[in-house]
Every structure is written in structure tokens, then in C-alpha cells.
Amino acid sequence: MTTDPSNVGRWPGLRVIVGCSSIAAIAVAVDTYFSAQEGYLARAPDYEGIGYLRFARTAYVLLRQLHVRRALTEMNSIAPLWTYLQTLQYFIIGDGTWQAFTVRFWPVALLLILVYWIVRARASRAMAMAAVALTALLPMVSAGVRSSSWEFLSGRADYFEDWGLDDLRPDFLAAVLILWSLASLAEHHRTRRRSAYLVSAAFTAAAVLTKPSTAPFNLTAWALVLGLIWLWRRDAATLRMSALAVGFLALLLAPWAIAGGGAVAAITRLYGAAVTYRGAYSAGGDLFYRFTYYLIRLPSQLGQVELALVIVGSLLLIVMLRRHLDRAELIYAGLAAFFYAAFSAPANKDPNIGEWISLSLWIFFLAGASRYLSARWPVKVERASPALLAAVGLYALLAYSLGLVALANWPANESSTNTQLRTVTTQLAQELGRHVGVDGCFTYTPGPGWPASIQYLLMDSNGKTPASTSIDVDPTTTSVDDYLLAARQCAAFIVYREDIAQVAQVFFAPAIRQPYLRALAEWVRRPDSGYVLDRTWSFADLAPRGPHTLGRYQGVSLTVDLYLRTATAA
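Residue numbering for the sequence shown follows our numbering, starting at 715 and increasing by one per position.
The hints are simulated quantities; they were obtained by calculation from the structure and are not laboratory data. Treat each hint with caution, since some may be false.
Claimed, not checked - Ranges between beta-carbon positions, derived for each pair: (1) Glu-1096 x Leu-780: 55 to 63 Å; (2) Gly-1151 x Ser-1130: 29 to 37 Å; (3) Arg-954 x Leu-780: 44 to 52 Å; (4) Arg-1148 x Leu-1001: 49 to 57 Å.
Beta carbons: idealized from backbone N, C-alpha and C, even for Gly.
Construct the entire structure; sequences and hints are all you get.
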């Protein structure tokens, strides 16, 4: 037999946790190296991860100065748990961007433990280990490794869709946490284990605190699974367990949601993205585009090879082999379908949100395939285990080797883009620091993570940074003159010589913001503005924002001007 009945329903043991965590640490360390060469860490930290980095670094600096109350305010920001973990990484590893990048260890470790636990409950230890190794190679986990090898082999580059999976936003962790929550129920659906319901509630609360803006989707999914299990069992004990879980969840979230104002803040943020600033964040397009937005991103998140296995395997499981599936696999399949429909419906889109869908689909595939193979050919699967592990090991070696070859032969102009983005941001921050104090402000203009990446570098020992003018603008309440009036309170203007429409080819500058940014650039150059040109930087032959041929593209060149208020104008 390939499965051990004693494993069914049991929680992961200490050896599993330590083993999977060790693999996660290695995977994150290797990906950190790749990212530092040509990926996220090779340029100025970008949006929207840099915003969370800034919150965490502020909290870290404040805690070192023993300003606990102010630090807690920073950590209880738009993503409390994610900010707490990033702050912890600063204390464990040290102050720096790559040090904060290692926060990815937590979602990766949790994901690998989950995969081992699910597969081991259905199949042999060797198959579970192979599933863990394959998961550690997914682009969502090892974005730097897979992006370098795939872009080099295919000749197609798309930083934001490929390397951008490493962005230090909370989406990945939130998706893993909600999967843990629902798997805790699914894997124990045949029993009435109080621990399963309490653990599920705890993971749901953690998912909400990690990314509150996705709380409605996560809570709905959790409620649906609770209801589905009750419908299957239809007894008072299951109803009591469900009520216990709901009460425990409410108890965990109440301090944040009510006392901390988290619920109101999350609703406000959701309303802002969906309604107030819809013009900036809406993906546009027709209904077909909206409902295929996440579908076409599956290859970049699961990998081209893995996606082929998932599609073929999932279709076989659903169409031909569904009688071999247990209710747990049906929950995972339904979860993928629910998240796809729920996230496709809104007009505003975010590529990283697709990780909820991709991970759910991956878990369904692993759970269904391992159950079917072990039930259908138990002896053959056991005998083939060494060969399976060897094949997965060879695939891992090939992926890492191709990545190293790709880095060694990376086009110079692509590398130059990363270097320029990092260098100009650093020099601009240094120059601003000489003229703008932490109580002052400068104007926002699109750039690599600007203004947060600039503020991150300007942070003082008390966690303070200069402010910037508003990034988002609501045309119904803010006119161009109003925006300009607010900008004139700042001592420094950062503008481009080129029209903002050209800037939008490289940096995120939606059409709704362009009239405001164009007005700033035109006004500050007027002789009577009271500002003078201080310093200029140039971007040459930058790679475009979207997909392009690796190393061969129509480059964009830009000039950044820093204007300072004159003494007489002040």
C-alpha cells in the first residue's frame, strides 16, 4: 500500500514542518540571488510592494527607538499581518531591501507544508516529496529562477507579469493562508474534529489580516465550505462546530475590525479602488477580456510545463475520473472556480490576485492526481517512486541550470534598464534629502516605485519621511487647479521633460492622472513659478512596460528634472 491510514486526518508533524521549511529557506535564498541579478531586487523596489516595505521599515526604526505605540500604528496599516512579518524580518536578518525580501519564506514554507500534508494523506512519502519539489519550482514561488530561464528560452520578456511575481505585496501569503483554512476543513470533512474548525478559523482570520481588501472573497469562500460540509452531514454536532468556528473568527478579528478601525479602513479602501479611483485601476476592455484576464496569466504563474500537466490532469479528473474523487477534491475544484468567477467580475484587476486561482487549481490537481494514482495503481506507483523523485530532481536541476545560463547571457540593454532605475532613484533621493526635510514634501511623478521608493531611502532615525502630493485623483472632486495649489506647498517638484503620455510607456501613469501631472510640469517651468531647475537625470533606452522581445525593443528615453523653490518664493 502507498498510503498510511494513520496519516489521514492528522496534522503535519514536526519533521514535516522542519523539512518543508528547510526546502522553503533554500528556495527563497536561491530566488533572492536570481532576483538581485535581473529581477525585483535589481531595480528600485516597485509598486506595490514598496508601500508595504515602507510601513514595515518605519515600524522597525520606531521599535529600535522604543516608540512602541507609533510602531504599532504603522504595523496596523492596510495589511497588518504582512507588515508584522516584514518588520520581524528586519529584526532577524537586518535592515535592507533584500533582507525584507526574505519575508517570502513564510508563505513558501506554509505552502510546501500544505502540499506535503495533502498529498501524503493520499499517496506515498516519495510522491509527497516530489509534489513539494515541484511546488518549490513554481513561478509563484521561484519567480526569479523561472523568469530568467523562460524569458531567455522564449525570447519574450515581460517584467511585471514574470519577475513581478516577486513583488513584496501580501497577495501570495493571503492566498496560502485561505487555502490552509479551507484545507483544514476539507481534509477533515468526514470527522467532527474541533481542532479542524478552530484551526480553519485561525487561518481565515490570518488571511483577512494579511490582505483586508480581499476579505469579502475569503470570508465568502470559507462560509460556503462550512455550509457545504453541514449539508453533507446534516447533524447538530456539525452545526455546533461551525458556530464555534464563526465565534472564534469573530473573537480573533474583533480587536482589529472594531477597536482598531480595520473594518472601516478596508471598506474605504475597497470603495476607493472600485468606485472613486476606478479610472486608474480598471482593466478596461469588454466582458470577454475581463473574464479571460486571469486565464491568460496561468502560464506565467504556474509555469508552461506545469500548466500543461494541470490542464490535462484536471480535465481527466473532472470529465473521466470524477467518481474516484473524494469530497475534499471537489471542494478544491469548487474553490478554484469560485475565485475565478469572483475575481473576474470586478472591473479593477491585479495580476497578483490570480495567485488565488492558480494555487487553488494546483492544490486540486495534486490532491486529485495523488488520490487517483494511488488508488488505481498502488503497487506500480510505489515502485515508480524512486524514478519519479529522480525525474523531479532532474527537472529542478535543469530549471536552475537554465536560469544561471540565462543570467550569464542576459542582454546588456535589459540589465541597463534595471541599473538606471535603481541609480536615478538613489541619486534623486540623495539630492532631495539635501533640500527637503522630513516635515516637507515633494510632488509625485511616475517612476520606479515613486514616491514610496524615494521616501523609503529618505527615512530618518525616527521613521519619518517627507510627504508627497497625492498619487490618486478623483476628477469629480479635485480640479487641476486644486491639485496644482496643493503641489505649490511643496519645496520640490519632480517632473519629466517629455509628455506624460510617453512616460506611461515605461511607468504606470493611467490616463485619468495625466492632465494633473502635465499641468504640474508646465507650470513649474514658467518664469514666474518661483522654482528653479536644480538637477537633471536621464533614462536612456528603457525597456517598455509591457511584453516585448528580450533585448530587442523600441527603447524609451526620458529626462527627469528636479525643481526647487527659490528663497524669494519661500
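Hint check:
1. Glu-1096 x Leu-780: 55 to 63 Å: Because 58 Å falls inside the window, the suggested range holds.
2. Gly-1151 x Ser-1130: 29 to 37 Å: holds (33 Å)
3. Arg-954 x Leu-780: 44 to 52 Å: holds (46 Å)
4. Arg-1148 x Leu-1001: 49 to 57 Å: Given a distance of about 52 Å, which is inside 49 to 57 Å, the answer is holds.
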